[in-house]
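Asks: Here's the letter readout for the chains.
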Amino acid sequence: MAYYKASKDPTKDLRERLYVPELLRGLGITARHFFRNLFGTRDTNLEVVDRKGLSLVSTVQYPEEKPIYPEGYRGLHRLVPREDGKPRCVACYMCATICPAQCIYIEAGEYDSAAPEAESRVIEKYPTKFVIDELRCVVCGLCVEACPKDAIRMDTGTHAKSAYVRAGFALDIYDETGKPELLRGPAVSHPSDPWNRRDGSEAPAHPIKEAHTRLGEGDVRYTREGHGHGHGQTPALPASGHKVEIDTSKQIPVTKFIKQ
Amino acid sequence: MNTFDDYDPNPPETDELEAHLQTKRMVVNLGPSHPAMHGTVRMRVELEGETIISADPEIGFLHRGFQKSCENVTWTQCLPYTDRLNYVSAIMNNFGFLKAVEKLLGIEIPERAKWIRVLASELHRMQDHLTCVGAIGLELGGFAPFLYGIQGRELIMDRVSELCGARLTTAYGRIGGLNRDLPEGWKEKCLKSLDKIRELCVEIDGLLTKNRIFVDRMRGTGVISAEDAIDFGFTGPCLRACGVNFDLRKAKPYWVYDQIDFDVPVGENGDNYDRYLMRIEELKQSDRIIRQCLEKMPEGPVMVDDWRVAFPPKSEVYGTIEGVIAQFKLVMEGVQVPAGELYDATEASNGELGWYIVSDGGGRPYKVHVRAPGFPILSGVPRIIEGKMLADLIPTFDTINMIGGEVEQ
Ligand code: SF4
Ligand code: SF4
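Protein chains in written order, with this note's numbering: chain R, 1 to 260; chain U, 261 to 669.
Chain R extracted, bound-state conformation (with noise of 0.2 Å):
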């Protein structure tokens, strides 16, 4: 039974006819209700799918009790500091390139090669200027996964502020005073950090785990032994039957990559 007749003709229903019980099993739903919202308590779980009790109200009052937002939501944007409070940022351009609002814009800086700070050096590119427009953001979340240094997320679980003008929702590094602006939240670290490296030491393998504990994803059930260089050669991922298939036969032509 792919397809089934679904259409009715209530109107040649007896109990329809009669119009006195519609009505009444009518006004006993929204009764139901009503009495139950009115002598239950309101249960002021944030969950709103686990609320108990007799009243069915499944409202939050906005401003006394927040919504909880999940792991992995879109939130307002950060740049990730080192744990020396220095932006992860090694101004790269990616997140300005995959931007589809293009609302970042970024000016490289180099770090002194002479400067005390010799950490520093490890990385030698940092961002003067990091500016994201939030108003032009579609909050797509594309920018945290082009990042190669993991050095933007949007788990701040905020929103961006309200001001009086354009020029508020332009979030720079560090506002006019100073204060970091952008740059905030806990730092993050990786192994694979170049000043985490230590003199011959071999980039250790990271479990498929950290990377994805960015984006929020909890169910991940498959780990990669070992690394895969290239094309789709990874051994060890479960046959889960997916197969990819693209024609290499002929030469995949480039397209050059202008900013509009």
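These are computed hints drawn from the structure, not numbers from a lab. It cannot be assumed that every hint is accurate.
Pairs of lysine-lysine, DSSO-like flavour, derived with a Cα cap of 30 Å [claimed, not checked]:
| # | chain 1 | residue 1 | chain 2 | residue 2 |
| --- | --- | --- | --- | --- |
| 1 | U | Lys456 | R | Lys66 |
| 2 | U | Lys648 | R | Lys12 |
| 3 | U | Lys447 | R | Lys8 |
| 4 | R | Lys5 | U | Lys627 |
| 5 | U | Lys556 | U | Lys648 |
| 6 | R | Lys8 | U | Lys648 |
| 7 | R | Lys52 | U | Lys648 |
Pairwise CB distance ranges (calculated) [unchecked claim]:
| # | chain 1 | residue 1 | chain 2 | residue 2 | range |
| --- | --- | --- | --- | --- | --- |
| 8 | U | Glu601 | R | Gly28 | 53 to 59 Å |
| 9 | U | Gly647 | R | Tyr3 | 30 to 36 Å |
| 10 | R | Tyr3 | U | Val462 | 22 to 28 Å |
| 11 | R | Leu135 | U | Asp488 | 28 to 34 Å |
For clarity, every value in this text was computed on a predicted model and none was experimentally measured. Note that the Cβ used here is the ideal one computed from N, Cα and C, for glycine as well.
We have chain R already, so just place chain U with the ligands on it with the hints.
Replies: Chain U with the ligands alone, transformed into the frame defined by chain R:
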């Protein structure tokens, strides 16, 4: 018709009571900012008394240049734009677009990704139908069904935001699979929400389906014959309400719809009441599909393992030069889609959501055209409504469930 020319300022006294009321055609603008015109559509209605002589839907107030915008960005960057087409069921737009691109690429996505895509699509189909049914109730004077519908929709939005990180603009899925797997503990929450939504649906059903006032306003109004519906290009619940059994999920199963046991409701009268019933029934069927998905979903990766399509795993990006280069190439050049063109369609909540995409072999679309299901349906409204009463326009406009975002692109 009387005109002012033959208006006699001093009518013979004897005739006054028997004389016809002087009528004159009147043009009424419904919308663009009218709560009953979903989205911003302007309907220019010519009335004679309460009878509609002609109706002329005018679209474009929400035009954003979707198709042209897509030509300036890479295939991946189009994805957030597709959220804004049918904003009540954004995930279906995401996946429809991705499916078309993947077909042109010639890649098969992993099994688990297919199941999750079906699951998420059906969640959003429920969301769309709940909104539609609730709005019908609201606009025909019953506020309670609207509240219950929105309550159900809110539960779905909560689950969706856990799934993809946003309530409305989902941007879920990537070319080659999905960007995220199901979060931990999501299945149980989803099942709990489904139970709750089922209860709410029973209540909406109880309030509306047999309510005499509701039935009298819905049955036999807004009728369109099956032939007309096909000629206009109706698809989805609006077509099936006319008795045509056409559903892409059955006619041309994609992803794993052929492995799922579900039925498709078909009506017979093509009136507002049948269109409403289709949605109520489809809610039950979607519920069935989601439960099966949650049960049968296999384990495994959710993204193809090909670095020309998918970003390498972050451990590779952070730690190895190959990973970084693959990542940079994907970001800067986009996924290289082989030159060619194709039309591909999925069954979205309001009908066939078709994508005609052309690639010149580069990282950016040469052309993206979207066949929005609401567009042909909206164009059929004048045919449905002309010669009928003004009061029928509102239920008709509700049940066709036109979404401004996708019609006006
Ligand atoms: S979330 Fe999307 S729109 Fe916003 S800055 Fe990141 S890439 Fe740009
Ligand atoms: S935030 Fe990440 S992607 Fe953006 S410039 Fe910095 S390192 Fe590159």
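Asks: Each hint needs a verdict: does it hold in this structure or not?
Replies: Each hint tested on the structure:
1. Lys456/U <-> Lys66/R: This hinted pair holds, its Cα atoms lying about 22 Å apart.
2. Lys648/U <-> Lys12/R: Satisfied, since the Cα-Cα distance of roughly 24 Å is no more than 30 Å.
3. Lys447/U <-> Lys8/R: 35 Å, violated
4. Lys5/R <-> Lys627/U: Violated: Lys5/R and Lys627/U sit about 40 Å apart, past 30 Å.
5. Lys556/U <-> Lys648/U: 49 Å, violated
6. Lys8/R <-> Lys648/U: 23 Å, holds
7. Lys52/R <-> Lys648/U: With a Cα-Cα distance of about 48 Å, the restraint between Lys52/R and Lys648/U is violated, given a limit of 30 Å.
8. Glu601/U <-> Gly28/R: 53 to 59 Å: 57 Å, holds
9. Gly647/U <-> Tyr3/R: 30 to 36 Å: 31 Å, holds
10. Tyr3/R <-> Val462/U: 22 to 28 Å: 23 Å, holds
11. Leu135/R <-> Asp488/U: 28 to 34 Å: Taking Cβ atoms as reference, Leu135/R and Asp488/U lie about 46 Å apart, which means the hint is violated.
Of the numbered hints given earlier, the model fails hints 3, 4, 5, 7 and 11; all others are met.
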